[in-house]
Amino acid sequence: MKKLMKGNEAIAEAAVKAGCRYFFGYPITPQNEIPEYMSRRLPEVGGCFLQAESELAAINMVYGAGGAGARVMTSSSSPGISLKQEGISYLAGAEVPCVIVNIMRGGPGLGGIQPAQSDYYQATRGGGHGDYRTCVLAPASVQEAVDLTQLAFDIADRYRNPVMVLGDGMIGQMMEPVDMDKSYRPAVDLADKIWAANGHIPTPGRPRSIINSLFIDPKVLERHCERLDAKYKKIAESECRWQEEMLENAELVVVAYGTTSRVVRSAIRKCRQQGLRVGLLRPITLFPFPTEAIRNTLGTAKCYLAVEMSAGQMVDDVRLAVNGERPVHFYGRMGGMVPTVAEIMDEIRKYATPYQKTPAEIALDSAIDEKFQSVTDAVGHILQRTRKKMKATGSGK
Amino acid sequence: MAVVFEKTELLTDLPMHYCPGCTHGIIHRIVAEALDELGIGKTAVGVAPVGCAVFAYDYFNCDMMEAAHGRAPAVATGIKRVCPDKCVFTYQGDGDLASIGTAEIVHAATRGEKITAIFVNNAIYGMTGGQMAPTTLPGQVTTTSPNGRDVEHCGYPVPMCEMLATLSGSAYIQRVSVHDVKHVKAAKKAIKNAFAAQMENKGFTMIEVLSTCPTNWGLSPLEAVQWLKDNMIPAYPLGVFKGAEA
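First to last, the protein sequences are chains Y and L.
The numbers in the first sequence follow the working numbering, run straight up by one, and end at 397.
The numbers in the second sequence follow the working numbering, run straight up by one, and end at 246.
Hints are computed from structural coordinates only; laboratory data are not their basis.
Fair warning: there could be bad hints in the mix.
Unchecked claim - Listed next, with one range per pair, are the computed distances between beta-carbon atoms:
(1) Pro43(Y) with Thr102(L): 25 to 35 Å
(2) Asp131(Y) with Pro146(L): 13 to 23 Å
(3) Glu223(L) with Ile216(Y): 27 to 37 Å
(4) Pro218(Y) with Pro146(L): 27 to 37 Å
It should be emphasised that the depicted structure is a prediction, and the values quoted were computed from it without experimental measurement.
A virtual CB, placed ideally from N, CA and C, is assigned to each residue, including glycine.
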């Protein structure tokens with residue numbers, strides 16, 4: 001049965017259902033419902049919620065718990081995620097799986113508390129120091145936030161890598177119906193965590209565990225980085241997800257993710273009714289970015305429009321995908337302002353003209369019009385005749 | 001033939017990278033022996049710091065995690081919450097624990113986190129080449145206090161044991177030294193007390209070990225030991241600051 005739930009609480013419950021038993025976090029708006037929910041819920045399932053003294057401590061507790069083999073999550077919002085970046089780099093370097101939720105708010109600095117998408121670069125380019133990537137999942141609804149949070153744990157364990165669920169203040173705060181009864185089952189390919197440092201008695205098959213990101217010999221560190229890089233390439237090949245809407249014969253392809261994609265969807269539906277050949281390509285994973293999916297639209301697309309709640313960050317990935325073969329336009333709002341359907345429709349109209357019919361289509365249209373006219377005339381005649389007849393007989397009074 | 005001495009299995013056979021005369025080696029050994037003698041070593045989980053002991057995961061022969069600078073108590077917290085029946089310890093220097101990691105150590109202590117911090121205080125940043133530490137003594141010359149630590153300019157040394165002993169979550173806090181055999185023995189006993197208190201779930205435990213750094217102090221190993229005795233012990237008095245000695 002579907003249940004009305006707030007995005008933040010749905011994410012927390014989804015994590016619990018996915019076997020997350022440890023949560024370490026620090027309060028920051030607009031994601032506070034996640035730690036609050038976890039503080040009530042985790043003790044019920046034998047888990048542990050701990051409010052850390054800072055985001056730095058929280059992400060390092062995640063490193064400890066994840067390194068000991070547990071399914072563990074933390075959540076924060078933009079300024080707090082900046083503080084966690086040191087730890088995320090270590091998690092990636094030491095290959096410790098975990099899930100990090102970023103309910104984005106406006107920046108830079110303390111910024112604001114309203115929805116924004118201005119952490120795209122930070123999320124998709126690693127965010128901390130060193131050559132690394134986190135897999136980034138961007139939900140556009142509360143239901144999708146549930147599904148992607150659960151998927152995040154599987155991807156994290158599959159690749160021994162941090163996975164980020166990148167929502168925004170709207171996704172976190174809005175309420176939508178969600179199906180929480182869908183039973184979660186971990187992916188079948190997940191291996192036992194024999195690498196975990198959990199104080200196991202060493203055996204020949206499972207020696208003592210060292211969770212570490214220090215490789216002092218440059219040759220060894222390069223090999224480590226090459227292995228990590230191969231892993232990110234594998235993630236790019238295997239974990240890319242996106243959604244297409246009305247892309248068939250789309251001359252203008254709008255690219256948007258998360259909350260923005262919801263507004264764009266309304267705009268393109270209306271524009272389609274007005275004869276504009278416009279479609280939506282919605283990245284669900286931001287790393288890996290659906291580059292191939294965008295290239296597949298080059299057949300019909302005359303240009304692209306990226307819409308974001310930022311000064312233009314994802315648009316760079318659209319440009320990289322299009323590789324100069326078509327113009328790529330951008331429309332963005334910042335500071336916690338969410339674009340409206342009307343604004344996006346105006347923007348779409350700048351780049352998409354109503355469809356021009358071919359002579360054959362015009363001929364067909366006029367033939368249909370003629371036929372329609374003759375039918376209307378015939379019906380008119382019949383009606384007139386009937387009316388006269390009724391007047392003459394005095395019936396129908 | 002009777003075995004009169006055996007190296008603890010809790011240390012690997014890897015040659016240590018520490019400088020001649022540095023007391024890290026002694027401290028590693030007594031930590032390992034303490035774990036071994038309590039029968040909790042094989043299933044212990046250690047957290048290595050950033051600093052001279054950054055390679056501690058190579059030497060302690062148990063599950064180990066390498067932490068970011070100062071974050072070892074937070075990492076240990078994560079491990080301990082997942083493995084509440086295992087002995088979890090951090091091994092940290094003075095820069096790591098008393099400077100960049102003050103928030104993590106204070107809050108681990110105040111939460112009564114059931115971990116043991118082995119805090120090695122040698123009053124200097126060793127790994128980076130002898131810069132001023134939070135525990136550098138007034139007047140002490142380092143590469144970033146070339147005229148000696150001026151307390152008017154950069155403040156006073158941090159007495160961690162005294163500070164942490166004031167927190168309700170701290171169960172056992174003691175400062176020891178390893179400058180001679182008698183003190184090494186006492187230090188090992190203190191470390192055992194701390195581990196035992198952890199395993200009895202009494203709360204947060206920390207042993208501060210005064211240590212030498214001949215290389216960065218610019219002294220011979222013998223001179224360094226004497227300097228520790230003459231200068232560090234008066235500034236950092238030895239003793240139990242919290243909890244009862246077993």
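Hint by hint, here is what the structure shows:
A hinted range of 25 to 35 Å holds for the C-beta pair Pro43(Y) and Thr102(L), which are about 30 Å apart. The given range of 13 to 23 Å is broken by Asp131(Y) and Pro146(L), whose C-beta atoms sit roughly 37 Å from each other. The supplied range of 27 to 37 Å is met by Glu223(L) and Ile216(Y), whose beta-carbon atoms lie about 30 Å from each other. One distance hint, 27 to 37 Å for the beta-carbon pair Pro218(Y) and Pro146(L), holds here, with the actual separation near 32 Å.
Of the hints listed earlier, the one the structure fails to meet is number 2.
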